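Visitor: Please build the complete structure, drawing on both the sequences and the hints.
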Amino acid sequence: MKALVVDDEPLARRELRRMLDAFPAVQVVGEAGNVDEARVRIEELSPDVVFLDIQMPGGTGFDLLTQLDRVPRIVFTTAYDQYAVKAFDVNALDYLLKPIEPERLATTLRKILATPPHAATDAPLEQLFIRDGPRCWFVPLREVSVFTSEGNYVRLLWGKERPLLGRSLAALEVKLDPKRFFRANRSQIVNLEFIEQVELGAGGRLHVQMRDGPEIEVSRRQARLFRARATVG
Amino acid sequence: MIFASQPWSKASALWGPVSLAGVGLTHLLRWLIRRHGWLSLPPFALLGRVIAATLLIATASYLLTQALSQAVYGTPVAPITAAFYHRLSSSGQLRNLFIIILGVHAAWVAIYLAFAVLRHRHQTELRQAQLGKALQTAELRLLKSQLNPHFLFNALNGLRSLIADEPARARDAVTHLARTLRYSLASGDEDLLSLERELEMVDDYLALESMRLADRLRVERDIAPESRTARIPAMLLQTLVENAIKHGIAALKPGGTVRITAQVVEKELILRVVNPRPDDTTNKTSQGVGLRNATERLRLLFGSRASLRLDLSQDGQATAEVRLPV
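Residue numbers (our numbering), protein chains in the order written: chain H, 1 to 233; chain S, 1 to 326.
Misleading hints may appear alongside valid ones.
[To be verified] Partial list, derived from the structure: chain S residues whose beta carbon lies under 7 Å from chain H:
#	residue
1	G132
2	L135
3	Q146
4	F153
5	A251
6	K253
7	G256
It should be emphasised that the hints constitute simulated quantities derived from the structure, not laboratory data.
These numbers come from a predicted model, not from an experiment.
Ideal placement from N, C-alpha and C gives every residue a C-beta, glycine not left out.
Guide: This is the structure:
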């Protein structure tokens with residue numbers, strides 16, 4: 001398992017590397033001292049797990065996550081920001097308190113090694129880290145019903161939440177699983193598994209009733225594609 | 001003479017118990033007032049209760065007087081009363097007797113009540129003054145800057161790393177950490193310490209931060225000799241320096257220089273901490289907490305004679321300035 005150590009303090013990085021030496025299953029493939037460095041390292045090394053400090057110059061660990069397409073397994077390392085980590089809506093995050101206790105590190109690593117590694121880099125996105133105002137989420141994309149373009153942003157319809165993603169619909173579309181998601185019109189992508197009913201509309205358009213409420217119009221051009229898929233699928 | 005007509009033994013057999021009963025009953029009233037906290041009641045509620053109680057007590061005394069008089073003299077109207085009001089009918093005599101007894105009791109109760117109310121008010125005021133002072137002390141203690149846990153745990157983490165690779169530096173770090181902690185704990189006992197003493201602590205603190213930040217942290221000092229004896233709130237300069245590092249140096253990738261200057265101008269100590277800062281200080285709110293506490297502490301200790309100002313008008317630079325009387 002490849003690991004990346006991100007911390008702005010050289011001593012902290014050195015200490016964590018030394019502690020990780022005790023686990024032969026983990027190879028530290030690199031380290032970074034700030035958010036920008038970390039992003040570059042993650043893209044070039046694609047580590048399986050990132051040990052991530054929260055307070056760093058030029059941005060926090062949370063800022064880094066929002067900038068990543070493919071978020072590796074994250075273990076936050078923090079001296080006193082555990083409240084910030086715990087405040088998350090998801091429990092998908094591990095954290096270690098500095099100075100790190102060897103037993104806690106062993107427990108965390110066991111847990112990570114027991115879960116299957118992330119898919120290959122060219123596989124479709126499965127989850128996104130989204131920060132909208134003060135709130136953060138790891139959003140599993142298969143739970144998202146509709147993506148709606150809002151200028152250069154994308155609004156997700158995800159259960160009761162409506163988080164805003166800081167990228168364009170076009171940029172997101174190419175990363176999504178084409179088997180699951182369908183571009184319904186210029187500004188919307190729908191999750192096919194959330195479709196409850198399809199009705200014919202005027203001029204060759206389709207009206208799609210989503211399971212969680214909204215009715216989406218499929219443009220004429222896309223409707224042809226949709227029918228083709230429906231007959232094949 | 002009226003008194004000549006009656007033997008003293010009979011008079012005392014009547015008026016002795018009546019006086020005792022009066023004292024006992026008013027004492028019972030006093031107990032009631034204290035027990036049920038009547039003095040804390042609104043004025044009319046207190047008055048109503050006391051008037052009712054006084055009427056009851058007076059009635060009891062009156063009935064007792066009649067009964068004893070009957071037993072001693074064989075008539076409900078004691079001879080002294082009869083002699084006093086010899087021109088009235090016996091019912092008129094009794095009515096006047098009741099009025100006299102009521103008047104005596106009412107006067108007695110009124111005197112007691114006036115005294116008790118005054119004392120109660122005095123005690124309340126005293127308690128409130130003490131409470132206010134305690135509150136201020138507690139506030140001051142709360143505002144006293146303590147070491148930031150973030151700093152503490154990061155220092156320990158760095159120390160853990162040094163132990164294996166550089167034991168000599170690790171030993172130094174333990175000394176710095178111990179001195180920083182000791183100073184921080186002792187600062188709870190005294191409000192004001194000399195700038196000299198505070199500077200020693202800041203040096204220990206900076207040594208620990210240098211361990212973490214390595215060459216990203218540089219420090220310059222310009223301390224005028226006459227300012228060293230000035231007395232400042234404990235941990236004040238430390239708060240300014242910690243702020244400069246947290247929001248300035250640590251937030252910048254290349255780090256930077258913290259400049260600490262102190263001078264005395266016209267009986268006023270001017271302390272300045274200058275540091276570079278990122279252009280977009282997004283977390284302006286968190287920057288406020290430590291400094292706001294320090295400002296409040298200065299206000300409690302010096303009133304309007306001291307001030308703390310954070311100047312962010314220059315791009316990429318922050319200047320914290322404290323002025324206080326020497």
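Visitor: Looking at the structure, which of the earlier hints fail to hold?
Guide: 1, 2, 3, 7
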